[in-house]
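Enquirer: Sequence:
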Amino acid sequence: QDQLVESGGGWVQPGGSLRLSCIASGFNVYNYDMNWYRQAPGKEREIVATISSLSGDQQNYTESVKGRFAISKDNVKNAVYLYMNYLKPEDTAVYYCNNPRRSTWGQGTQVTVSS
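If you use the working numbering, the sequence shown corresponds to residues 127 to 241, in order.
Misleading hints may appear alongside valid ones.
[Said to hold, decoys possible] DSS-like mimics (lysine-lysine), calculated; alpha carbons at most 30 Å apart, straight line:
hint	residue 1	residue 2
1	LYS214	LYS169
2	LYS192	LYS214
3	LYS203	LYS192
[Claimed, not checked] Across the chosen pairs, the derived CB separations fall in these ranges:
hint	residue 1	residue 2	range
4	VAL131	LYS214	19 to 29 Å
5	LYS214	ASN154	30 to 40 Å
6	ASN157	SER241	33 to 43 Å
7	GLN184	ASN204	15 to 25 Å
8	LYS169	GLY193	15 to 25 Å
9	LYS214	GLU170	10 to 20 Å
10	GLU216	ALA196	13 to 23 Å
Since the hints were made in silico from the structure, they are not lab data. Positions of the beta carbon are idealized from the N, C-alpha and C atoms, including for glycine.
Model the full structure from these sequences, guided by the hints.
Expert: In structure tokens, the structure reads:
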């Protein structure tokens with residue numbers, strides 16, 4: 127059974143950093159493109175970052191996080207990460223890990239950016 131478990135969220139002041147982790151089971155992240163999404167209160171879920179299958183040498187980001195966020199993966203640990211730097215209040219959301227091909231979602235981890 128596929129499962130994605132996110133962790134690493136929390137409260138941080140503007141300008142701070144967080145690292146989100148997503149541990150996969152039931153499939154190998156090596157074989158799949160993987161996504162991070164987020165959903166802010168009252169807003170639709172939006173894609174934040176994508177990393178390609180196999181070596182993960184291709185990453186794509188939504189415009190609002192380019193230069194601040196970085197997605198990576200560890201095929202040995204079967205994990206995907208989202209490094210978030212220079213966080214802004216508008217980054218406040220629940221962040222979700224996703225395997226689009228298998229339609230698998232994690233439970234989400236809350237990120238709150240405020241002073």
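Enquirer: Please go over all the hints and tell whether each is borne out by the structure.
Expert: Going down the list of hints, with the structure as the test:
| no. | hint | verdict |
| --- | --- | --- |
| 1 | LYS214 <-> LYS169 | holds (17 Å) |
| 2 | LYS192 <-> LYS214 | holds (13 Å) |
| 3 | LYS203 <-> LYS192 | holds (26 Å) |
| 4 | VAL131 <-> LYS214: 19 to 29 Å | holds (26 Å) |
| 5 | LYS214 <-> ASN154: 30 to 40 Å | holds (34 Å) |
| 6 | ASN157 <-> SER241: 33 to 43 Å | holds (42 Å) |
| 7 | GLN184 <-> ASN204: 15 to 25 Å | holds (19 Å) |
| 8 | LYS169 <-> GLY193: 15 to 25 Å | holds (22 Å) |
| 9 | LYS214 <-> GLU170: 10 to 20 Å | holds (19 Å) |
| 10 | GLU216 <-> ALA196: 13 to 23 Å | holds (18 Å) |
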